[in-house]
Amino acid sequence: MQRYSGFGLVKHALSHHENWQRQWRNPTPKKAYDVIIVGGGGHGLGTAYYLAKEFGIRNVAVIEKGWLGGGNTARNTTIVRSNYLWDEAAALYEHSMKRWEGLSQDLNYNVMFSQRGVLNLGHTLQDMRDIQRRVNANRLNGIDGEVLDAKGVQELVPIMDCSKNARYPVMGASWQPRAGVARHDAVAWGYARGADALGVDILQQTEVTGFKIRDGQVYGVHTNRGDIEAKTVGCVAAGNSGVLAKMAGLKLPLESHPLQALVSEPLKPVLDTVVMSNHVHGYISQSDKGDLVIGAGIDGYTGYGQRGSYPTVEHTLQAIVEMFPIFSRVRMNRQWGGIVDTCPDACPLISKTKVKGLYFNCGWGTGGFKATPGSAHVFAASLAKGEMHPLAAPFSIDRFNTGALIDEHGAAGVAH
Amino acid sequence: MFYIYCPYCGEHREEEEFHPKGEAHIVRPEDPETCSDEEWGDYLFFRNNPRGIHHEMWVHAVGCRKFFNITRNTATYAILETYRMGEAPSITAESRDDRASLDAPAETETAENQEGVRA
Amino acid sequence: MSNTVDDKIKTFDTRTTSRVPVESPLTYSYRRSGAPAPGKGSGAVLRERPFLGHLVLRGGAIVLDEALRAVLDISLPGEPQALVVDASGERSVQWISPDEWLLIVPGGEEFELENRLRGALGDAHFAITNVGGGQTVIDLEGDAASELLMKSVVYDVHPHHFPVGKGVTTVFAKTSVILRRPTETRWELVVRRSFADYIYRWLLDAGEEYAIGVER
Amino acid sequence: MSQPNRLARGGRLDRSRELSFTFNGQSYRGYPGDTLASALLANGVDIVNRSFKYSRPRGIVAAGAEEPNAVVQLGSTEAAQVPNVRATQQALFEGLEARSTNGWPNVQRDLMGVIGKLGGQFMPPGFYYKTFMAPASMWMTYEKYIRKSAGLGRSPMEKDPDSYDHVNRHCDVLVIGAGPAGLSAALAAGRSGALVILADEQEEMGGSLLDSRELLDERPAEQWAAAALEELAGLDNVLLLPRTTANGYHDHNFVTLHERRTEHLGETAPQAGGRRQVRSRLHRVRAGRVVLATGAHERPLVYGNNDVPGNLQAGAVSSYIRRYGVVPGNKLVLSTSNDHAYRAALDWAESGREVVAIADARPEPAGELVEQARAKGIRIIPGAAVLEARGQNRVTGARVARVDLEGFRVAGEAESLECDTIASSGGYSPVIHLASHTGARPTWRDDILGFVPNLVEGVLAAGGAQGVYATSDVLADGWSSGARAAGETGFDALEAQLPHVEARHESGSVALYQVPHEKPTLRGPKQFVDLQNDVTAAAIEVATREGFESIEHVKRYTAMGFGTDQGKLGNINGMAIAARCLGRSIPEVGTTVFRPNYTPVTFGAVVGRHCRELFDPERYTAMHQWHVEHGAEFEDVGQWKRPWYFPRRVEGRMESMHEAVARECRAVREKVGILDASTLGKIDIQGPDAREFLGRVYTNKWAKLAPGRVRYGLMCKDDGMVMDDGTTSCLGENHFLMTTSTGGAATVLEWLEVWHQTEWPELEVYFNSVTDHWATMTVTGPEARKLLAEITDIDLDREAFKFMDWREGMVADVPARVFRISFTGELAYEINVQANYALHVWETLFAHGEKYDLTPYGTETMHVLRAEKGFIIAGQDTDGSVTPEDLGMYWAIGYDKPFSWIGKRALTRPDTARTDRKQLVGLKPRNPEVVLEEGAQIVFDPDHAIPMPMKGHVTSSYYSPTLDSGFALAVVKGGQQRMGETVYLPMADGQVHEAEIVSPIFVDPKGERQNV
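Residue numbers (the numbering used here), protein chains in the order written: chain A, 1 to 416; chain B, 1 to 119; chain C, 1 to 216; chain D, 1 to 1012.
Treat the hints as calculated values from the structure; they're not laboratory data. Every residue gets a Cβ at the ideal spot worked out from N, C-alpha and C, and that includes glycine.
Derived EDC-like pairs (lysine to aspartate or glutamate); straight-line CA-CA distance at most 16 Å:
#, chain 1, residue 1, chain 2, residue 2
1, A, 356, A, 387
2, A, 251, B, 39
3, A, 164, D, 633
4, C, 174, D, 613
5, A, 251, B, 42
6, D, 519, A, 18
7, B, 21, B, 56
8, D, 376, D, 350
9, A, 356, A, 229
10, A, 354, B, 38
11, D, 786, D, 853
12, D, 897, B, 33
13, A, 164, D, 635
14, A, 251, B, 23
Interface residues of chain B toward chain A, partial, derived using beta-carbon atoms under 10 Å:
#, residue
15, 2
16, 15
17, 50
18, 52
19, 54
20, 70
Modelling step: build the complete structure from the supplied sequences, incorporating the hints.
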């Protein structure tokens, strides 16, 4: 693998950039692999990368029906944080956060992880109770965070309307300084390049059309490019997980919903942290390119169309202008939508299934991007050992029968 | 934004008057006490979540307040029919052979072509 | 004053005959936001018609229709979105849902009317609920009234689509109203008490360009 | 200096008066009818901006929405700032102030440009990903500088002085674009009687007819347009919306139209007739049929240094000359692949300026316009193209050579031509943005070298939008689309009446996107594809070499098409270059799909009136005015404004909340207090099956509740988790009044309806909300009976009117229902009267209450008092993961009810049946002065290392004036079995509080006080 560095950049400039190598190959599928990962987004590519790098399993294929990183990895609003309420979720997201912190260097690919901090605002007494509960839990779980009052919020974000005149005045916030944003595409590309260098075959434009299952054991997949065999298959297909599950005769506790986001035109730096509000219902950050990146909740219906309904966008911008009246004259450049697979308890499914060797990692809802490195790592560990990683175990599909749900609706709140 | 025919009001109304209520035809087990935990979990949480023809329940929340069902293609968002509570759909995935969903742009294409986001 | 039709349903006359102060839902709004007087240039004029009798009728259309004809000599609109107003223009009944109608009558008539309807309905399965304290009627008139409504409700108010004699429940800004068109020139908004101030302020704000006035 | 590039006459301007404006602090003049761009060109302003990555000087290249460079900051005051205004779409007004968005210290002499020139070669696509990684700790510093150099304009720092609104419209036919196709479609539909909306984004309707060289019915095209518009304006069923951009096409023919009502008049909206008017208006249109008559955008050619000011679109040159009377230079070289662009050369020559040459990529150009150019003696160089522009801050020359299109190489010696303007045209791209907003894929057509839309149901395209370009064809296409749209919505269109247009002979175009250069792309001069994001042909080539093979990857890796122009000029060229590099065809590389918005829309316009005071409804009770007048502080509960507490002025200062609440609590426990409880949800339930229904939705029993009695009820979801609670009174055998929590009112009503409508339609019962009908005031405290007795005829005798009874009677001369229920643990009467009388009753209570020190209290005191009694608040002490058993409310669980009520089955699942679940308990802090933090986490072992096993948390915590101590409710694992044990609460400040697990009932555990 060609190593990237500032020095290398100069060298390439002198040769007119004619000698850059491919970042990943475009291989022909082999007949069989040790492990097949279905889904070439950040989670899937990351899983392959960690399988190869940390668990010595390099005979791996990542099967992607479109282009790698083209699904939710490409469509999210890039927020990374780990201040979840329940121990199980907090541990998983913090596992991820720790990996984010060295990811650029690990991958030799700058994912531009910017630890600019995330504010979760409170506008009611109950909001503040929930914030205190969450931050207290985070602290005892070893996750950074503090509770700010309105004055503290105003100091961090001077341009926000923290006055009492607001319809729902800001009462305070939780503040996680280590949280932030990252460059989403780079995460997929960095993992792809890293995995490819370790021998993983990334098969783009390859669509799984069915599973090969015999005596309750998976032994491969059918694809539009022929059958490919493997006794371990991990599905990491986000919004399309339900469709895959159906191919294997399984039903999941998931619904796929549209999640919309939008950006403004690029502006000079004006907002230095991520601001989220469950109550007023919107969140915002400013990208390195200058766009205000904005989002809110999911649309309530099932939708695979990668678009939602217009009123959701209206409500989102109403929330943003309520919090930031100075943005009224800023203009919205573009909106788009992704498909998020949501579980009833707003937590993911990382689970074995009734089919031996077939695993699912899905249901991340609106929180998938931030979990990418952690999710990929625990999933890789689980696939490698055939036993669920302890951090993944609580997220088994069984919880929907036993009742051991991990209800993160409060902490998940607005989509992010 | 959907334009939804309310089978009770007898006309098309704006989506803003309605709320989606999830998959239709989920029936509470007749005798919950004899259900296994798995059957009960299935009733509570497990859904078909199809790409393509889907029967879903909506309520005309700001309108007649009646619940009713919609048969909708979750890929194209085309509404194929709406029908009253207690009625059966006339269009199903089987009757349509899922053709409508195949006509829809598949995710593959969308992913490859979408106008993107940036960080 | 109070009256139980039988031991099954408790009816209750919520009006007093004593002369006690009474406040309509918009009373607070007039104090808070004022009420610009209508002028010659007013394209929209708003007027509250407070303290009317509002009854919600629930039940089957056929039995309710019979009872209503017998008691009030008005026929129940069977078609969706239909509004029927009696000859005096003071009593109306509106389709709300296949088993729900809104009956609005001059204030003070509602309790006796409820009892008479109950008497006429006998053993049928129905419900009548007095909601008069919880909602009020706002009239909107003027050349710009329908334009003002277009800024406020999502429903199509074009006269082609919203002829006289129609009424709907629909989204008004961030709340809901029952919107009716009893005459060529007059629109009625039936609004919930606790949302009345919001609706009033919205109408004043959106109506400013038409020099909206308030008749009191 | 007075407008050196302005022609003596011509253009659609009002030359009777001049407008003055400033650009980068310099004063200029223009005319009404100008855009800022045309006025800048008239004044000879070449450099309007600096580019984003390389800081290269940039000039105006286009005349419409596709302009990538002329993006300026508008506004003379802070509040009026508008970032990123496209000068080509901004009408000139008197006093307009504009600035470039980049350039330091200014656009003319930009120091960053030096860095761009030197450093440009070190910024290949994706260079961010390849560097700034070491040391890791430095990234946040690097990022700061990267952010600083990015962005275009700046946000205002003050509140917007303007307002915006929405209009909901419905029509039969919405025609988007008022060029020849749109006008024709609107006439066809309009004459049929259909309700028509015609929207056009430009200052003036007419589209290409306004700068056409053609005659319609023997008259100049613009005259036909004017007549058509006049007719349309006279039709009642047609609404014309100029300055209105269709920004988004949404499902089922919902279209958002953004009408800029005052942006052409000033930087803030002027008053009209003495009244405020909105700056812009968003029309939310539901259309029966949509006719897209959006025309086509010209594609520029990609050649060396094609970004130097003086490089323009050929069509823009014609527009500036014919519409604005501006010739943007003196000596023109035109580089084209088609006939149509010859108009630029003809218009230029007719303006009396020199056309140096036309490089035509076609070996044998023919066609009428070509002949006209020949006739004027203009030199045409066949089979050739401009390889490279010369010049730094303005074009000084062009290198032209014969090119081999098939072989992508230069086929002859290059010739240097002196010129100051290069116009280019590589053909036309239909404007298909709206058609693809709902995901429909466009189709590539080799015959027109462009994508045409695949239309979803209900949408039609006409004219340039689907690759029909000849004016006569466009008019006919427009008419038939308009007629079809009208027909499909139930109107009969009349026979087509179209003007006569002389058919013009045109010769075919050739496919030319990137012009070859003598040097390979990576070594030659920069050939820009996306001017706003500084994406070059070389960048695309590097991206494809690195394995980015789909157009989506190429776009993301290079940032092509991500600007505020959304790649209107560059995307197709970029795809063509990627296709060349990969050896594929354009459609194989991918299609291009657009998202809303077509052009950016002000947040304010999307928000409309839903801001400030009207952001969200504020709901008030009937006593609100009184609360305001008595100094209440308010709490937001849902949309309601509820009094939180009533601070008093004591000894010259206002009480703190703590003081006020302590006083209010004491008043209730010792004398009498009053609470406005009107916000509780109230549902009137009638029907013979009402009782059965209650038994199914509540956890507890309802079979025997007699008329006149009240019972507390607990409601679960079918997962066994507590959802809401409240009291329900039996009014008659078939008649109940249910109350819900304030926040749960709407949810509970819908909950009852969904079960009734979907599962148990056979049960005869109706539900109606009476929340707003009744005002509720709770009079509570030892003196409550005495006070109430003064103004009611109800027998309040403790035997006649027992705890959990309700009675009706007169209160303050008003009919009332009085419920003897208590949320405070004291003697309490909840008085319900029709809301219109509420203030009278409330004030009468105060008139009589003075002698009992009647004290109004708010939600905070209510919370303290109920917590002292261990009463839960659903949503505060429960969080969707708490069962009735967890709450210890076994008395409210009807295990043996015949019907398996909602939530029952779930309680026996393995997890819900665990005995070590978090259970509701009371906590008594060891130190009575401590009020535990709500949300504090509970541990059993405070010395455990982080992560510390957490065993529960505090849900409610207050200071109790009655106990003179802090106390709390909490959920603790296995708490019901841990009475008397000590738990620890480690706090952020390092303190560890100790508390004892106790019963959640702190005051009057036997319930004697409420039963007096």
